[in-house]
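*Asks:* Reassemble the complex: the two chains are provided individually, in unrelated frames, and hints are given to aid placement.
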Amino acid sequence: MKITLYLRESRNEIKRLIKDPVLLISIAFISGLLFLFIVFPLIKVFQYSLWPEGEFSAKYFAEFFQRSYRWRPLINSLTVGALVALFGTVIGFIYAYGITRTDIPFKRFFRTVAIFPIISPPFLIALAAIFVFGNHGVITDLFNLDWDIYGLDGLVMTETLAYFPIAFMVLEGVLSKVDPAMEEAALDLGASKLRTFFTVTLPLATPGIATALLLVFIRSLEDFGNPIVIQGDFPVLTVEAFLAVTGMYNMPLGATLAIFLLVPTMIIFVVQKYWVSRKSYVTVTGRPSGAGLQSTERRTKYPLMAAMIFLSSCVLLFYGVVLYGSFTRLWGVDNSLTLENYRYVFSVGGQYISDTVTIALIATPIGGILAMIIAYLVVRKKFLGKGVMDFVSMLNFAVPGVVVGIAYILAFNTRPLQLTGTASIIILIFIFRRMPVGIRNGIAQLQQIDPGIDEASTDLGAGLFRTFGRVTLPLIAPAFLSGMVYMFVRCMTAISAVIFVVSADWQLLTVALLHEVDNADLAQAAAYGYVIIVIVLTAIIGLRLVVGGLLGRRTTLFQPE
Amino acid sequence: MFRRLLIFSLTAALLFGLAATGFTAKETLHMYTAFDVDEAKIYMDAFKESYPDIDVKWVRMSAGEVLARVRAEAKNPQASIWFAGPSTSHIAAAGHDLLDPYTESLAWQYLPADFKDPEGRWTGFYTGFIGFATNKEFLEKHGVEAPTSWNDLLKPVFKKEISKAYAYTSGTAYTTLISQLQAIGPKKLGWDQEDEEYIKKLSAQIHHYTKAGSACVTEAGLGEVAVGIAFSHDIVAKGIAKGYPVVMSFPKEGTGYEIGAVSLIKGGPEPQLARVFFDWLMSAEAQSLFKKWNRVPLNPQAELAEGLVTAAQVPVIEGFGGRITWYGERKDEIIDRWRQITGR
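Sequence order for the protein chains is U and C.
Residue numbers for the first sequence follow our numbering, beginning at 1 and rising by one.
Residue numbers for the second sequence follow our numbering, beginning at 1 and rising by one.
Please keep in mind that the hints were generated in silico from the structure rather than gathered at the bench.
Built from N, CA and C at the ideal position, the CB exists for glycine as well.
Not one of these hints is a red herring.
With a cut-off of at most 20 angstroms between alpha-carbon atoms, the simulated SDA-like pairs for lysine to any residue come out as follows: (1) C:LYS141 <-> U:ASP148; (2) C:LYS160 <-> U:ASP518; (3) U:LYS381 <-> U:SER31.
Over the 12 angstroms line for every Cβ pair with chain U, so calculated as not near, a few chain C residues: (4) TYR110; (5) PRO118; (6) LEU154; (7) LYS155; (8) VAL157; (9) LYS188; (10) TRP191; (11) SER249; (12) LYS266; (13) LEU289; (14) LYS292; (15) PRO315; (16) ARG323.
Next up, chain C with everything else stripped away, as it sits in the complex (with noise of 0.2 angstroms):
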């Protein structure tokens, strides 16, 4: 009888193994994505109304974590396109001769030069600023205002109330901490004596580092810390706009900004189905959705969000565009200089 049982039971788990492991009719994009779980569903949900046939599986991760994966397995590329992510991260994956370029997108006649890759490698489709998300409650209980100045972080006020994210793992990080190389001190290209000194005072003042960039935004927003940095577009989306008490601000000595990208994975498993959803991203109508999340998106023909942050409002640092390539091509040296002064 138990025998039997155990037969059935044997059986059963493996056909319905066989069963669920099995084809499905439609055709499979397998796919990285940079953005919060709750953003991407949106652009999915959307294309699915597109492209009903084309079933998009989806793995969420930060931006340092797709490039870390990406290289992974470059011998047996599981993903075939990767969507969004600060274009810094791209750059380095190019670097590495992971991505295949492609310029046939539409994309490729409106951007400027600052937005694509010059071999298509990468191609950028929205831009984001780095602010400062402060509690409010907070802000009244101590009586200060919120952060204007890179400097104003260092304030003792402050001192373990500041979360952001690792700068190896995430984009949002790493985009911060290239601004802050650029707007302190003198401008020149990568770390110079006051940037060490900067990191170093500014790691004394961080509570604790978080794998994913946005999440600083909740956490200030619940209070846990004071201030979160991050883009402004996930301040507005995961904080104001959720009904957090946070308000944001930005440094007056100038801040960075992401391109955030988008690239075809070299040896993906579904090229073809990646420059649909590459091609789909592209057009007005997917970018009119970004006014969902309060993102910048890169065609000139898509509706914007009400009360849109935009390069017009925000202290952008002079030619940041143009050294993002730089900085990106570099990432790994940067980053290692980060960990060392700061111990992390």
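Same shape as in the complex, but just chain U (with noise of 0.2 angstroms):
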């Protein structure tokens, strides 16, 4: 009976579809982009790794069991993953309580701190770990430590402090919406405040806490820019994936490893998507909240914002002497100050600097209003197979950088679409990398938006694309421009996908910032990190202005993915 009932439901949604034959294009447009560059890649990596000779072949797979150099970085990559999503949570929660629940001066510093790490390269970190630990660092020699900042010390703690604000940013949200009369109440009836905290706000914010875990999680699994820098001897998945693809052209293994990554992540993200976030305890109206319960007890606040003024010196200092070594002549050696390293980022890398802005800014508005279109055809439409839309649009958001990279080159080396050594490659991996933020952004606000606007739009007889242009997208606005600042950033700082794809005529600042890294010449890397920071900067500031002085409001130009 039931199976009947679906079947007439999407007979009748087919030939709803039929009517409307503007939906009926998109829908198919989109799907098939959709299936091109996120579904038809990873099709490939499978295909690569279990039937590498043509033949179907489980041999990688069986050897990744075997051999012990294989299957250890994947437990290195889930220890480090773990720790990280522990800190990161914590040092987020101090952070978001701090700001969202006492009445702490200085918040807006404490905010611009706990967000900084997002707006460079997250392996700037690893670099400035180097400066201040390594052997010579400013650390080491103050207070004469012995202690080896590589492997995976140094990788917890860099990852840690380049992801927490993610972490933040959920716990944020999820904090500062918690209804106070939760709390209230319980305080009414005569709980002390620390029972109340336990009991009743912790509680609440559970939800929040497991998605700022998972998500930390996902994100130090997929690192790739702090390992090759730091681990040392404490090999991690992604980094041997890399190798096994650009270091010995070993295609199956590479796609294995792959595999071996986007297993977790998977599990992660479906578990956060379907499970998770169905709990929200979050109790969202229109207006919004205001105020929550602040605490302005001694007790909570002195603590809470010790706490917090260690952990931001630690992140002002790391920042702080990666931009003097910018300026250093010769780290380690000759602390002279000096001009010649950026004059060398500029001369050297300047093709670069202009390459990697030039396909930033193709790729930005292009993702920003197919975002949009997803969004819109999600909240507002119904159509046979929406759901998938749903999920494979998110998809790439769950998968390693690492992995899409070696998915773009092993789909896209052949005719007919040959895209490896062009632009194109670049674009299309930055695009459908960094959609899902803004089409979440954009569902998010959509779902604010009273779907009576839209129709009466339809019913004065708009047809879609009218309606699409000229009544929703003014309206969410704030979150279209947000996510194209975010895109924006990301295509800056991006590295673990796109250091598969840069060729001869296109190179990308990160990658090169990699290289300098990699070739031990500090100085030269901490200018390239500058470069990057100053122009994510310039962007946001800009974009700020431009939105402030467009509509008058206040947007909050990030959200957490």
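*Replies:* This is the structure in structure tokens:
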């Protein structure tokens, strides 16, 4: 009975679709793009791994389990991921709670510090760790330490600092939206502040905490830049997959390792999307919930503030030392100041700068528009396979960059789609990897807009495009613009996918940075890093002014992933 | 209003994109080079002065990575010339039929047989010797001398204090490996029992592996590790000449050397321009530029750097040159064994 009902529903939906050809074509077009640039490359990865020479062979899989140097990196990656998720969430929680739930001063400063690592290439922190804790590091020399920063310690430290902002943003969102009425009720009933925290606040925030843990875990698992600098003798899977492909041209091996990298991230992604996020205990009303319960107690305030000051100083120390390092002549030996490194960056790297910015500027608007269209289709329209489109468009978000990179060179290096070596392949990677965030933003924003407005437009005779362009888009403009800013930032700081596809014609700044680090030319690497940061900051501030001027309202320029 | 802004920015982006990916009046030569970026720039700038109409677009990768790239692009090569890197990697590429022979350059006349491919698929243009770069401060602190033997590297004082590159990404590291295979144990081709034991013990002494061959010199200079194993020209140019406190030494059992090669990639987009660069490279004028990086040029008329490390000063393994081709042809198998032993 259910099946016939489902079939009839589907048939009706198809009939409805055929009556609206514009919608039909849009859906077909978008589905085509999603399949070609998200699903097809992944299929290729599986193909290369399990059908290495045209015939089915589980040889590489078997080898993975037999040789310790193949599976140990996976264990290492998971270990690092778990630790980073834990520490990152704790730190993120400290910041989030301090900012949303107490009345400590300098909140803007703390918030800025908490978000800062996002606008820099993530592996700049590994470089900073060497500047600070390496054998000639600032702290090492100051305290005469005997600590080897390479390896597990270094990885956990750098990735925690690089990714705690994600936990922070998720938790900030959650903690600021928990209905204060619950806590007030507990307090009224006589519970102490501490008890309220543990029995009311924390449980209500649990889905947010779970989300933070999972998201940071994924980011740590897929991290490539930091490990390649500081993993030392503690190999992780992303680097192994990279070396398999670029160092050994062993595509089947690279594909196999990619699959083993994909499995944990996919599991986590699915768990988060279909289980944790459904259990949100946050009350979402149309009105901002204003100030939650703000604690003025010294017992909570001062320790939190102390922790936040300490952590902020760590972040500032790291970035500060890199800035200083970029002006040194020869780090560790000759610390005299010079502009030579920047001169180098602008001469040798001048082409890289223009390449990177060009590609980012092309990818950003295309990705932004595509994200909005998909968000619109997913939220407002009902059609067959909507759930699939929703899932697929978010898929690349869970796929580690290294896997995407490998998948794209496997999929697009032969006719008819020979894109390797061109700018297009880089642009495509950027678009389809970064789109999910734009889609999420769009969906969130669209859900807050009464569908009645759209209906009014269509009732008055406007077609799909007209409604979208003149009614919906202006209303979701903040999400659109913040999505674009985010996309631009990620384009400028991306490394793990694009390192596979740079060519003699098109080079990227982050790849150049990595080469300098690989060559142990630290001061030059630092200069590259800051050039990237300056470009990103300029874009963000520039857009903030434009948005502020145009729309006259504040927007949050960053959303957690 | 907003819509107009949107349309405007989209059109701008599209036009910008079209213009940027558009054409230039110059001719472009696409190149892969294994030279350090700082060093490559020296030659690119000089070439540009002699040939201002040729725009060279180059990507820097370690020799093993170039090999991997050229293999990956075999059906649609993106570059026309492979500039630098030990001949062993070029030999491996020739074995996969990825290179175009070229025997018309002037180098063909002055190069002895060991320094060029008999069929002209690769041509040597410099050499360099594998040596050790050791941090002076470390030596003072621990009261030891710089290593002068392959076995010195196994001393407890150097445990986890050595860095070198992966044998499969770096030409430097592969040359190191084949030097070790020949210097240690009985003089026979390929792996033997003593070689395996040595490599196993050495890998326990390694702090970390790098992708690029000369990175360990800077790391030794910085004091991140005590000893780096690299080519003499890199040790001088990136270590001593830059002001890092490193000292260079060679193993007394004998060390190997590289024949730095250049080759034309088969099916590359600009074969003619590649030949122009090739010919320029073989000239005395171009090879005199190696002074700046302390490389040993193969053109007998090139000027040499002062105090250059030449074969006369280094304990070279006897007959090493004659075996390079053998080791180049078997690169894959030899490295596979290395990976199994070291677990990396």
